[in-house]
Amino acid sequence: MQRKTAAVALLLVVGAGLVLSGVLGGTAQQPGPGEVPEESLIAVEGDHELWPYTSRRRSVYGQTLAINVVFLNDAETVERALTADPETDWQETNASEETDEFGQGYGGDDGADRVSETRDGNGSDPVRDIVEGNWETATGSDRYSYFRGPDGGVWKGVTFEVHDGTYLGTRDHVRAYESPDGEYTAVQVHEEYYDWFRLRHTVPSIDEPATRLEDEFIDNPTAAVVSREYRGIDGGWSDGWLSVIELTLLLPTVGALLSRRTREAVAETARRLRREADRHASDVVLAVALAGVFVSIRHAGVALEVAYPTLPPKAIAAPLYLVIAVGLPALVVSGTERSDPTAAFLAVVLGLGAGFVLDFAALGVAVPPGLIVHRVAVLAALGLVAVGRATTDRSVLVAGALAWVLGLALPLADVI
Numbered sequence: 443m444q445r446k447t448a449a450v451a452l453l454l455v456v457g458a459g460l461v462l463s464g465v466l467g468g469t470a471q472q473p474g475p476g477e478v479p480e481e482s483l484i485a486v487e488g489d490h491e492l493w494p495y496t497s498r499r500r501s502v503y504g505q506t507l508a509i510n511v512v513f514l515n516d517a518e519t520v521e522r523a524l525t526a527d528p529e530t531d532w533q534e535t536n537a538s539e540e541t542d543e544f545g546q547g548y549g550g551d552d553g554a555d556r557v558s559e560t561r562d563g564n565g566s567d568p569v570r571d572i573v574e575g576n577w578e579t580a581t582g583s584d585r586y587s588y589f590r591g592p593d594g595g596v597w598k599g600v601t602f603e604v605h606d607g608t609y610l611g612t613r614d615h616v617r618a619y620e621s622p623d624g625e626y627t628a629v630q631v632h633e634e635y636y637d638w639f640r641l642r643h644t645v646p647s648i649d650e651p652a653t654r655l656e657d658e659f660i661d662n663p664t665a666a667v668v669s670r671e672y673r674g675i676d677g678g679w680s681d682g683w684l685s686v687i688e689l690t691l692l693l694p695t696v697g698a699l700l701s702r703r704t705r706e707a708v709a710e711t712a713r714r715l716r717r718e719a720d721r722h723a724s725d726v727v728l729a730v731a732l733a734g735v736f737v738s739i740r741h742a743g744v745a746l747e748v749a750y751p752t753l754p755p756k757a758i759a760a761p762l763y764l765v766i767a768v769g770l771p772a773l774v775v776s777g778t779e780r781s782d783p784t785a786a787f788l789a790v791v792l793g794l795g796a797g798f799v800l801d802f803a804a805l806g807v808a809v810p811p812g813l814i815v816h817r818v819a820v821l822a823a824l825g826l827v828a829v830g831r832a833t834t835d836r837s838v839l840v841a842g843a844l845a846w847v848l849g850l851a852l853p854l855a856d857v858i
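Position in the sequence shown (first residue = 1) + 442 = the numbering used here.
Hints are supplied without guarantee of correctness; some may be wrong.
Unchecked claim - No farther apart than 25 Å at their CA atoms in a straight line, the calculated lysine to any residue pairs in the SDA-like style are these:
| no. | residue 1 | residue 2 |
| --- | --- | --- |
| 1 | K598 | E480 |
| 2 | K598 | P622 |
| 3 | K756 | V737 |
| 4 | K756 | T608 |
| 5 | K756 | D649 |
| 6 | K756 | L800 |
| 7 | K756 | V735 |
| 8 | K598 | R500 |
| 9 | K756 | L854 |
| 10 | K756 | V857 |
| 11 | K598 | G677 |
| 12 | K598 | N662 |
| 13 | K756 | A804 |
| 14 | K756 | E688 |
| 15 | K598 | G488 |
| 16 | K598 | T519 |
| 17 | K756 | G806 |
| 18 | K598 | V502 |
| 19 | K756 | A767 |
| 20 | K756 | V847 |
| 21 | K756 | H741 |
| 22 | K756 | G734 |
| 23 | K598 | E487 |
| 24 | K756 | A851 |
| 25 | K598 | L483 |
| 26 | K598 | P479 |
| 27 | K756 | L746 |
| 28 | K598 | E481 |
| 29 | K756 | L852 |
| 30 | K598 | W683 |
| 31 | K598 | G769 |
| 32 | K756 | G769 |
| 33 | K598 | W679 |
| 34 | K756 | G674 |
| 35 | K598 | G674 |
| 36 | K598 | E688 |
| 37 | K598 | D649 |
| 38 | K756 | A855 |
| 39 | K756 | A772 |
Don't read these hints as lab results, they were simulated from the structure.
Use the sequences and the hints to build the structure in full.
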């Protein structure tokens, strides 16, 4: 009876977790339809004011993320500065790799590769030498921003789009919009990582990637002037501040001046599970195996993506997802047959939970609250599978399996 009561309690935890993860897992708020309000426009440079957001369509109704960086230069200069490293083998990102801030894929390929090959007589370009970021050209964007000048307003598509990072790992994603008079270039930069349960990108932040982009230029006053201005931008995940960068290029730079984000490898080691290693050796092995399998999935995905750049990322992700969906519960079922129920539950929760933590720590991203709650619910579901197997209680095992399937289905249905 106590086991059944505990199973029911865990099911309630799973259900509550999945519901809360859907509630907390929202993205940027979308405004109501209508004309672009005059009070929402900001003056930057030249004759054209800027609506400081991006939109899914040529309307404020499709508002997504806020513009967070502005370059007081034309788009060609900015793009050459971002794609700075002449040693890098620049490759155009396939349309199948493109996702928006909500994790949705693009179907079209209406972008263009605009990386300039203009060099000086020595084979180097002072504009390209400003930064050393590993920025790659991206195409297929379907985002717009709005400019209003003396002759009225105009919606403009992306002028250029680049990213730094890997599709199946984490990356900073830049969308740039040149003003109609070419006096400035508005940039929306956000961080995104591939979530293995949602099978799409998740955006945890727009502030930190803006700071990283700012850091590319801030220590080199001879090449760029960097400042921050509070513009009171409301919504679109903005904190109200706008980074303003002007590429001055007073002196030709020799070599790379800054290194691209030196990410600290957050090493959160799991040093537990030692005390009762003799009694629960199989549970310790199961915990380590669960953590190792989950962490290795992303490393394998990124390694395959780098090794086979022409292969669509989703073709790589599909078999790896099966390892999560089928492989993890199979590992739990095979590893808890003769285990103590409590030890089996702890092995699953601590082992796979450590895998979740290590995966997010390696990415170095802030995790949305909704996804944290979802991961807790998933751990409880797989823990129920372990308890049901250890106690040979078929009803508990089936309940855990159903909860696991539900935990997989909701993110795929974009509920979470």
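### Query
Taking each numbered hint in turn, which are not upheld by the structure, reported in ascending numerical order?
Violated: hints 5, 12, 14, 31 and 34.
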